[in-house]
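Residue numbers (my numbering), protein chains in the order written: chain A, 180 to 472; chain B, 406 to 736.
What the hints contain is simulated information worked out from the structure, not anything from laboratory work. Hints are supplied without guarantee of correctness; some may be wrong.
Counterexamples of contact, computed for chain B against chain A with all Cβ distances above 10 Å [stated by the list, open to error]: (1) G444; (2) R580; (3) C581.
Heads up, simulated SDA-like pairs for lysine to any residue below, C-alpha to C-alpha not over 20 Å straight-line [unchecked claim]: (4) K510/B with N308/A; (5) K391/A with T535/B; (6) K630/B with V604/B; (7) K286/A with L445/B; (8) K391/A with K630/B; (9) K220/A with R733/B; (10) K646/B with K262/A; (11) K262/A with E284/A; (12) K369/A with E653/B; (13) K286/A with N536/B; (14) K602/B with N308/A.
Keep in mind that this is a model prediction, so the values were computed, not measured. Virtual Cβ for every residue (Gly too), placed ideally from N, Cα, C.
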Amino acid sequence: MKYALGPILYYWPKQQVEDFYAAAMNSQADIIYLGETVCSKRRELKPKDWLGLAKEIADSGKQVVISTMALLEAPSEVNILRKYCENGDFIVEANDFGAINLLAEAKTPFVCGHALNVYNAQVLQLLVNKGMQRWVMPVELSRDWLVQLQEDSRILNIRDQFEIEVFAHGHLPLAYSARCFTARSENRAKDDCELCCINHANGKPVYSQDDKELFTINGIQTMSGYKYNLLNDVASMHDLVDVVRVSPLGDSAFQTLDQFKQAAEQDIKFDLQLDRECNGYWHQIAGLDTVSS
Amino acid sequence: MELLCPAGNLPALKTAVDNGADAVYIGFKDDTNARHFAGLNFTDKKLDKAVDYVRSHNRHLHVAINTFAHPGKLERWERAVDRCADMGVDAAIISDVAVLDYATKKYPDLELHLSVQASATNVEAINFYTNNFNVSRVVLPRVLSIHQVKQLARNTDVELEVFAFGSLCIMAEGRCYLSSYLTGESPNTVGACSPAKYVRWEETEQGLESRLNGILIDRYQPEEKTGYPTLCKGRFNVDGKVFHALEEPTSLNTLALVPELAQANIAAVKIEGRQRSPAYTEQVTKVWRAALDRYRQDPERYQVEAAWNKQLDQLSEGTSTTLGAYHRDWQ
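Kindly produce the complete structure, drawing on both the sequences and the hints.
Here you go:
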């Protein structure tokens with residue numbers, strides 16, 4: 180089992196990002212994803228900064244993957260995407276089929292991110308032929324779904340040609356919109372957002388009228404209110420999952436990585452916070468539900 | 406521009422044809438279809454009749470196979486494609502890459518449209534689908550501004566279809582798991598959003614509550630108009646304020662954009678609502694037929710008639726309409 184730090188999904192000041200990755204270089208992570216995946220207006224780090232950071236981290240011995248945007252609309256966004264796809268040094272996480280088109284043309288190997296609609300092994304076969312090395316399962320899918328998909332990929336003789344990664348900890352990215360919900364919540368127009376999401380290091384909570392933490396708004400992204408936490412399920416991932424992903428919420432990510440490693444190796448159970456954490460998707464029930472171990 | 410209207414059953418299909426739809430889109434009665442609701446959609450026998458009716462009136466029939474194939478079950482999606490080819494439908498609307506691959510290889514003459522559920526929002530995504538599959542038309546997600554739609558139209562040779570009227574998905578279609586987060590069932594996996602079987606209404610001291618799988622979506626005071634608890638259109642609490650944090654219950658209405666869409670060479674305008682009644686189909690089709698005919702006859706002097714908007718407003722969710730993401734202010 181390998182451990183990955185997913186890209187930072189929130190908008191953090193540049194110094195905080197740099198400090199985080201300085202610490203990440205000494206963490207348990209085998210793989211580090213980095214780059215802006217949510218909003219092209221977030222420019223604390225420019226493409227050259229991300230690529231510089233990538234080089235530094237790669238020199239520390241970690242595998243580095245450049246993560247790219249999930250919702251690409253403007254030609255300027257596609258131009259930046261092209262730059263990443265043709266970077267020449269690092270593999271790239273595609274979160275849109277546009278990225279896969281560019282990566283296949285550039286012959287850059289890639290990771291197929293969880294924002295892509297890949298629900299069966301036949302799609303994976305096609306993507307393997309285009310250079311896919313790893314697939315991150317869409318967050319709404321379950322262990323049962325994955326078992327069947329793995330079975331199919333064995334029949335197609337492709338299982339040994341790609342790795343399977345599972346988003347295992349953090350707020351789940353659930354939806355992408357043209358609208359910026361953070362700006363809307365502060366009565367700002369998207370064109371006049373003043374990058375207000377930088378004030379919310381882990382997004383903004385959205386509660387139901389009876390105070391259940393339903394969603395987290397993070398710019399144009401709507402995320403789960405609860406943190407997804409598969410700590411108690413990681414033992415059931417052996418022979419099924421190659422990489423476990425922790426989505427950074429801050430420096431706590433490093434401790435979370437340690438816990439995952441412990442849980443996988445020693446089969447230790449952890450108490451989940453029932454009103455803050457969930458694992459439903461993995462168990463093929465509503466995502467916000469929790470199956471206790 | 407082609408007027409493409411929805412039909413959840415045969416009466417709606419006939420109504421659409423009789424009132425001037427150039428084409429009608431439907432789905433099969435199973436989970437290959439993202440409007441997989443009880444009492445809706447077409448069995449093989451009904452499909453035969455649909456094909457006959459549409460053909461005898463010289464219109465087109467499109468069939469949506471717009472969910473994603475489950476592992477071990479791809480065959481069901483492939484059979485859906487087979488049925489489209491056997492019946493000679495005019496186009497299959499497909500979202501799953503594996504299904505597109507099958508259709509392209511097995512039926513090179515079958516016209517394929519890329520479903521909105523595939524979420525192609527930029528020119529490189531469109532290129533991915535047109536380079537690899539026999540896709541001749543792309544249905545654009547409702548996240549693009551009119552400016553972005555025009556840019557795309559200038560930069561691709563493939564036909565583009567846009568949503569013109571109906572319930573407004575505010576998330577990029579095919580990339581929204583809010584429904585499965587609350588209920589375990591999503592458009593991608595089971596072909597339904599906020600499924601009716603999870604809806605509960607309850608009169609309480611604080612007001613009439615709508616719940617989805619037990620989760621409070623909205624609470625109404627006696628004078629307020631209630632709406633179906635589509636979860637993105639509920640009222641929630643952010644920073645201590647209760648409001649429609651994601652979106653108000655409104656519908657998309659782009660009558661005002663007809664000239665711009667036509668000038669951008671958009672191939673078709675699509676009316677949402679296969680789950681709605683034949684009466685809905687009839688009225689929306691009538692209004693849009695009138696608008697498109699008016700534009701064709703005298704593009705320079707096209708203006709939206711107040712009566713058209715009034716009719717459409719009555720059919721709309723929350724009885725109000727918006728230009729949605731087409732207009733930057735909405736975003």
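Hint check results:
no. : hint               : in the structure
1   : G444               : holds, 24 Å
2   : R580               : violated, 5 Å
3   : C581               : violated, 4 Å
4   : K510/B with N308/A : holds, 16 Å
5   : K391/A with T535/B : violated, 44 Å
6   : K630/B with V604/B : holds, 17 Å
7   : K286/A with L445/B : violated, 45 Å
8   : K391/A with K630/B : violated, 24 Å
9   : K220/A with R733/B : holds, 15 Å
10  : K646/B with K262/A : violated, 42 Å
11  : K262/A with E284/A : holds, 13 Å
12  : K369/A with E653/B : holds, 17 Å
13  : K286/A with N536/B : holds, 16 Å
14  : K602/B with N308/A : violated, 41 Å
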